[in-house]
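S.K.: Put together the whole structure using the sequences plus the hints.
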Amino acid sequence: MSPQACINAGQIELALRVFLHYREQMRKGEYLGNFDLMLLLALMRLGEDAYGVTIAQELEEQTGREVVIASVYATLERLQERRMVASRLGEATPERGGRAKRYFRITGAGLREVRDARRSLMNLWKGLPELKGEEA
Amino acid sequence: MTTNQPPRIATWMLKHFGSGLNNDVVLGDLVEQYRQNGNAMWYWRQTMKAIPVSFFRDIRGHKWAAARAVLTGWVLWILYVTTIFPLITPNFFGGNWGVELDPRHPVGTAWCGASRWATRYRSARGIPSRHRGRNPPA
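Chains as they are written, first to last, in the numbering used here: chain A, 1 to 136; chain B, 1 to 138.
No lab work stands behind these hints: they were computed from the structure. There may be inaccurate statements among the hints.
To be verified - Derived pair list, reagent style PhoX-like, types lysine-lysine, alpha-carbon separation capped at 25 angstroms:
#1 A:101 / B:49
#2 B:49 / B:63
#3 B:15 / A:101
#4 B:49 / B:15
#5 B:63 / B:15
Note that the coordinates shown come from a computational prediction; the quantities given were computed from them, not determined experimentally.
M.R.: What follows is the structure, given as structure tokens:
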């Protein structure tokens, strides 16, 4: 193997670090996804009683679809990293097999994001004709 | 008939194969919901989906550690193929594997070695080859 073709581990490490850094920077300006927005709205509706079971039930009631509880936590953890959501560990109860609940609440940054998303969506809806059946 | 206890195997699987800080909290939620609906199929579905969700969530949360693990695995693999593999092969079949060890292609080398070993094993035991005509016994 020629020396030119040899890529050492240090170069690979540096390239990966640069890639992850830029990806992280791009993610900071990301729009809210559909599920993100639904979760934030569910947190607003539930208030103090927002934890895995109640959030999943709220989403199922409103959307008519089954929700994977693990996905709820995965998304909420991601939103927590973006400081849109805060959480605290609750009490352990016998009906949960002695396991604790994790309560979530929306933060000021989360509220701002929801308002921005609402405004953007409303602006987009304004220019559209009335929906009749399944045709626009 | 529904019991108060959720399916044990599903719980065990999520407990041992699930990962992340909230794994225990997710289990608690599933148990609580199961005691309300008593639906074992629902519980199985949720636990089987929770395992890959937590796995990919962990990788996403620890990208650098995951990349390092993959890199370490490859380094160990290459070391094995270039140093340990040639050392141990003389102990099997007199060292004549009929495979040219090429460290640049560790997967190909290992695959050729494994298939050659399987062919010799079958012929030594008198097991007919699955690829008649293409893989004559050595």
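S.K.: If a hint holds in the structure, say so; if it does not, say that too.
M.R.: Taking the hints in turn, this is what the structure says about them:
| no. | hint | result |
| --- | --- | --- |
| 1 | A:101 / B:49 | holds, 20 angstroms |
| 2 | B:49 / B:63 | holds, 21 angstroms |
| 3 | B:15 / A:101 | holds, 16 angstroms |
| 4 | B:49 / B:15 | holds, 13 angstroms |
| 5 | B:63 / B:15 | holds, 23 angstroms |
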